[in-house]
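Visitor: Here is how the chains run, residue by residue.
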Amino acid sequence: MNETLPVTYEDARNAIESLLFVSKRPLSVDDIDEIACLGRDTILRAVEELSSSYETRGIQLIKIANGYLLATRPRYSAYIEKFLKSPVSVSLSQQSLETLSIIAYKQPVARAEIERIRGVLCDGVIKTLLDKRLIKEAGRSETVGRPILYATTVDFLKHFGLHDLGQLPLLEEKTEEL
Amino acid sequence: MDMIEQSAQIEAPERVKILPEAALEDSGLKKFSVHLPGFEGHFESLLTLIESEAVDICDISLSLVTLQYLEYLSLAQALDLNYSSEFLLVASYLLESKSKKLLPIEEEEEIEEIESSLVDHVAQYRVFKKMAAFLKNKKEEFSKVFHRFRFEPLSGGQKQYFLKDVAVSDLTDAFRKIWAEVNEKKEGFEIVDELITVEDKIKDISERLAASSGPVGFESLFRTKTRLEIIVTFLAMLELIRLKKVILKQESFFGQIFLFPFQESLSK
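These protein sequence lines are chains G and B, in that order. Quick note: the first sequence, position 61, residue 309 per the numbering used here, numbers continuous. Quick note: the second sequence, position 54, residue 47 per the numbering used here, numbers continuous.
Heads up, a few of these hints could be off.
To be verified - SDA-like cross-link-like pairs, simulated, lysine to any residue; straight-line CA separation at most 20 angstroms:
{"no.": "1", "chain 1": "G", "residue 1": "Lys330", "chain 2": "B", "residue 2": "Phe135"}
{"no.": "2", "chain 1": "B", "residue 1": "Lys132", "chain 2": "G", "residue 2": "Asp279"}
{"no.": "3", "chain 1": "B", "residue 1": "Lys237", "chain 2": "G", "residue 2": "Gly306"}
{"no.": "4", "chain 1": "G", "residue 1": "Lys330", "chain 2": "B", "residue 2": "Ile189"}
{"no.": "5", "chain 1": "G", "residue 1": "Lys311", "chain 2": "G", "residue 2": "Gln342"}
{"no.": "6", "chain 1": "B", "residue 1": "Lys122", "chain 2": "G", "residue 2": "Leu418"}
{"no.": "7", "chain 1": "B", "residue 1": "Lys196", "chain 2": "B", "residue 2": "Gly207"}
{"no.": "8", "chain 1": "B", "residue 1": "Lys238", "chain 2": "B", "residue 2": "Arg201"}
Stated by the list, open to error - Derived contacts from chain G toward chain B, CB cut-off under 7 angstroms, selection only:
{"no.": "9", "residue": "Asn314"}
{"no.": "10", "residue": "Leu317"}
{"no.": "11", "residue": "Gly367"}
{"no.": "12", "residue": "Pro417"}
Simulated from the structure, these hints should not be mistaken for lab results. All residues carry an ideal CB built from backbone N, CA and C; glycine is no exception.
Using the sequences and the accompanying hints, generate a full structural model.
Guide: Structure representation (structure tokens):
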């Protein structure tokens, strides 16, 4: 293995590029480091550089779910959809989206709290979201009845193309809207 | 209630009129407006005014609001469920806060608490509605981006659920099948020539999974098919599932069960 290790920085950057090309999931800096042992600084630099070198190209390096992934540009989606012969978008219902956003912000959160905010029962919606793996059970609350708490998953980030939860817009002050 | 409504009419403050309706009429359906002694305008605006204390909820006849809403519904061509459930939500808050306000409450603080909880609650709900819209946009944007492993948990593609694809009854059926085979084969005594432990079998199964690049068939796990082996193998397999080393999948209903190495990367 030793003789194949990259020696120059360009080499290292190209090695990372090749990893990103074959990877079927977002690769985190740690993932890359584990495989290539290049050190975080080199990896971050390489990723930055690759990302800017793709700027004028049909593919891009996206930051998603705490990792990096090579992906196409939205501009060319029509061609790809034609090629794949599939309009791929599957939509979520309004209830699902609302419930999901409450969980995203208040996680870990119990069902009762979600229902208090939405004013309707949410067990069906929660089950759907669990089935779609957008949320998961995240322990139990220490309050009476020890209700199950829910949190969003990595799949949630991947599904919405988010890098991490910090990318969600900040909750605005209530006075703003009223 | 009658008395209150009367007093409401007497005490009604100067008319508050807001919001041009033209903008909304453009969008097709005319929004529900209320016409009350103290207020005229959109229902949502009423809520806003009550929250900002420009209008006292005790001055508002909720029964009149409801009556006008029912009229509005009967005139509407189609029932917009989203909108009507929103009406119910807001109306019930108004009802709640009004009834609480009408009850004699000794502590002044308590009233404020109720009011602020109403404001908080409605505000919170609106914020989350906005969030939902944000997520929807994000999703739409991202659906135009393709990558090597287009992640689609929603399309019901490959499910990686831990034991999700195999029901317990499938497992017991499979076990019975093997068990029946051995009972057919071996009548009478059984000579145990080799002691297999669960640990051994766990190792054995793990090695076989590691050696084969793909899945391993459930039935192929049993080599000698002695009772001891079957029981030990079964226990070992359950243990591996519990430890999340292995997942089970089935090709079809009542089909053969396969063991897959549990992939951390996919379940993270």
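Visitor: The structure should be examined with respect to each hint, and the outcome stated for every one.
Guide: Consistency of the hints with the structure:
1. A threshold of 20 angstroms between alpha carbons decides the hint, and for Lys330/G with Phe135/B the separation of about 17 angstroms falls inside it, so the pair holds.
2. For the suggested pair Lys132/B and Asp279/G, the alpha carbons sit about 26 angstroms apart, so the restraint of at most 20 angstroms is broken.
3. Between Lys237/B and Gly306/G the alpha-carbon distance is near 40 angstroms, which puts this suggested pair outside the 20 angstroms criterion.
4. Restraint check: the Cα-Cα separation between Lys330/G and Ile189/B comes to about 57 angstroms, which exceeds 20 angstroms; the hinted pair is violated.
5. This hinted pair does not check out: Lys311/G and Gln342/G have alpha carbons roughly 27 angstroms apart, beyond 20 angstroms.
6. In summary, the hint linking Lys122/B to Leu418/G is supported, as the alpha carbons are separated by about 14 angstroms, within the 20 angstroms threshold.
7. Of the supplied pair hints, the one linking Lys196/B and Gly207/B holds, its CA atoms being roughly 17 angstroms apart against a limit of 20 angstroms.
8. The suggested pairing of Lys238/B with Arg201/B holds, with an alpha-carbon distance near 13 angstroms, which does not exceed 20 angstroms.
9. Hint status for Asn314/G relative to chain B: violated, with the closest Cβ pair at about 10 angstroms, above 7 angstroms.
10. The beta carbon of Leu317/G is positioned within 7 angstroms of a beta carbon in chain B (closest approach about 5 angstroms), and the interface hint is therefore held.
11. Taking 7 angstroms as the C-beta contact cut-off toward chain B, the hint placing Gly367/G at the interface holds, the least distance being around 5 angstroms.
12. Because the closest C-beta pair between Pro417/G and chain B is about 6 angstroms apart, less than 7 angstroms, the hint holds.
In summary, the numbered hints that this structure violates are 2, 3, 4, 5 and 9.
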